[in-house]
Amino acid sequence: MIFSKARSQEQVRGRRIAGGGSTPPTSASSMYEQQYDAYGQPLPQQPQLFDDTSTQNYGYGQQVPDYSGMNYGYPQQPPQGQAAPGAGGAYGNLQGGMPGAQIFQDPMVANMAMQYGQTLASQGREYMDKKLEKYVSASQVKYYFAVDTQYVMKKLKLLFFPYTHSDWSVRYDQNQQVQPRHEVNAPDLYIPVMAVVTYILVAGLCLGLQERFSPDLLGIQASSALVWLVLEILVVLAILYVTAIQTNIKYLDLLAFSSYKYVGMIVALLAGIIMESMGYYCLLAYSSFSLVIFMFRTLRWQVQGGNSEMEAYSAGNKRRLYLLLFMSGLQPILMWWLTQHLVA
Amino acid sequence: MALGVYSLLEAIVLCLNAVCILNEDRFLSKLPGWGGTQVHGFGEEPGIKTQIFHFIRSVKTVMKYPLIPVNIFIIIFKLIFG
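Protein chains in written order, with the working numbering: chain A, 1 to 344; chain B, 1001 to 1082.
Where hints are given, some of them may not hold.
Derived pair list, reagent style DSS-like, types lysine-lysine, alpha-carbon separation capped at 27 Å [claimed, not checked]: (1) Lys1064/B <-> Lys1078/B; (2) Lys318/A <-> Lys1078/B; (3) Lys318/A <-> Lys250/A; (4) Lys154/A <-> Lys250/A; (5) Lys1060/B <-> Lys1049/B; (6) Lys250/A <-> Lys1049/B.
FYI, nobody ran anything at the bench for these hints, they're computed from the structure.
Pulled out of the complex, with its shape left as it was, chain B reads as follows (with noise of 0.2 Å):
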């Protein structure tokens, strides 16, 4: 499968979208554990949950606004060149 540099950024692109795509209030909240925002002891693990929760977290609030442009030109791009 020739994957190509542009294949990959569009990937990338693609699966942020999906995450900062998941909406706060009807999806997010109604998941157990979401609200976790005590920070755990040092030395002790957190769990594979509270991870995965704050990785969303931090690539909504991160990713949320630089993607518009980024879909935007990528739609273009695609428009014209196919």
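Bound-form chain A, shown alone (with noise of 0.2 Å):
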């Protein structure tokens, strides 16, 4: 079920990313079928080839927009500013009318009218990526959720079995970021965001068997671990800051290396739900030593692999080396901190 959802998930994404925003789901081939403009309203159906005097009343008090140079005939039109394409006048045949709707109905105006509100809707989409773009970068989170069943089992397999596993690097292609669905070795956000949410869920079920539980305690549980995920992070992010070691790492890479603990913790919990402490403390001693190994590894090639030419940083890869060593070790730290007041 977990595995269906990721590939609804980037079909979802996909889909709506392939649409964009400036065409229409269906083919704009024919004007005969139902289109809608950009605002998800259906624009006038089919093109009037007569004059439909039949409705002259005046429903919504709008005033038309006046097509400058374009004369249709119709005399009774105000000289007003553009209003919105498509919103407004595209139901001037069905709901009654507004002085002048019929000019909607007219094919040419209609196109016009339907391009327009396109390129507006599209201009203020790209304005809002833009701004956007500095903080949250969406088209960058994109990547990281582009996985497939078989990066989620290998993943998973190297999280908990990092022995074996010689080939730590990552492979980037030249000019986008690299999916991790091609790439074993590249950190992605699928398994970190459905990791948190179980984790969340397996708490609630661990208060339930102790009769502690309580729905708030969840939503209490559920912004401790978002608030130690967080703090964990900035303090990473200081650290890289104040020693000034240089690496390629993202933030939202850093994301996703601070939260595989997670899987580590949730395997923990379900060990000392079947086997009270004893089980808990051997799953978490076993789980946060394959963590450490995998962090380690990963980390090493992620934060020293970018620029393995440059020999001239010795006290830099010493740096990186604590580094290293700090967030690898911090692991178990919070895994043990985040599940011990848990387990009975």
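Join the two chains, each given in its own frame, into one complex according to the hints.
Structure below.
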């Protein structure tokens, strides 16, 4: 169920991205099928081949845009600025009309209105995307969710048995960021998101089994987990800044790496449910051990592999090593801290 | 330990307060290496001390004025809601 959701998530994302904002979902081959303008409202369906003088009452009280230079013989059009195309005038024929609403039934005008609406919407979307790009970088996030079942299985296996894997390098594409489905060692955000949500659910399960459950406790667990995540990332970013280590690591990578421990936590919690404290501590020890090795090897490549040619940074290498050890060592501590209060 | 988002924000505000409170004349000028305005050559790694000084200076420059209303808001909030 998790994996099909991944595929449908990625498909939905793909479809949404491929659709863009500038072309309507249906092919604009003919004017005769139901089309939607950028706001999702139906445009006038059939172009009128004759003047429809049956609807002369004015329903909305809006004014019709005046396309100067086009004279369709409607004498009563007051000159106004251009209203939102496709929004108000589209229903002119059906809803009792507006002054000169029949202008939209003309195929050329309706075409123009549709195109104008589309360009407006796409411009607005581009502007918003550019503004948000600096902070959230939405176009990069989608790469982290491009996973498939094979990748998830291999990654989970790596999280628990990182001993036999030998090549931890990430092969980058030339211009694009590598999609995790093509490369096992690339970080992804799908497993972390699923792991965090599953952790919250399993925490609720643990609490319920000990008769300590209440719904707001679940919310407290969730925000606590998120806050520790944010704190860990802030601490790592601060250390990266202060020690002036130059790496290729991005913020989203750090988020992904910090959240891989939730998988181990889930397993330890489930073992704690089945076999009380003994199972919990055993599995916690084992999963933290394997996670430490996993993090160390992955991060060593990520933090150092970018500029392996520059050997002059000997001091930097030592700092990098310390940073790696710190990050890897922080994981078991946090794993223990976040799960300890849930096990009887 | 149940940390909430609000506790995190409070902790961040407290830490920023602590950085902004450091007095320039009485304390920071006395620190060795504080007046480092020359920028290093490209490709050299700045030391930890210079990075920390940069950080303190930039936090003070940026956050000195916005922190005042934030603190006032938090104080009133705590007075009313405890």
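Against the 27 Å threshold, does the CA-CA distance of Lys318/A and Lys250/A hold or violate the hint? 21 Å, holds
Under the criterion that the straight-line Cα-Cα distance not exceed 27 Å, is the pair Lys250/A, Lys1049/B satisfied? Between Lys250/A and Lys1049/B the Cα gap is close to 24 Å, so the pair holds against 27 Å.
For the pair supplied as a hint, Lys1064/B and Lys1078/B, is the alpha-carbon distance within the 27 Å limit? 21 Å, holds
Please work out if Lys1060/B and Lys1049/B have their alpha carbons no farther apart than 27 Å. 17 Å, holds
27 Å limit on alpha-carbon distance, applied to hinted pair Lys154/A and Lys250/A: With a Cα-Cα distance of about 23 Å, the restraint between Lys154/A and Lys250/A holds, given a limit of 27 Å.
Pair hint outcome, Lys318/A versus Lys1078/B [Cα-Cα no greater than 27 Å]: 45 Å, violated
In the structure shown, a violation is registered for the earlier hint numbered 2 alone.
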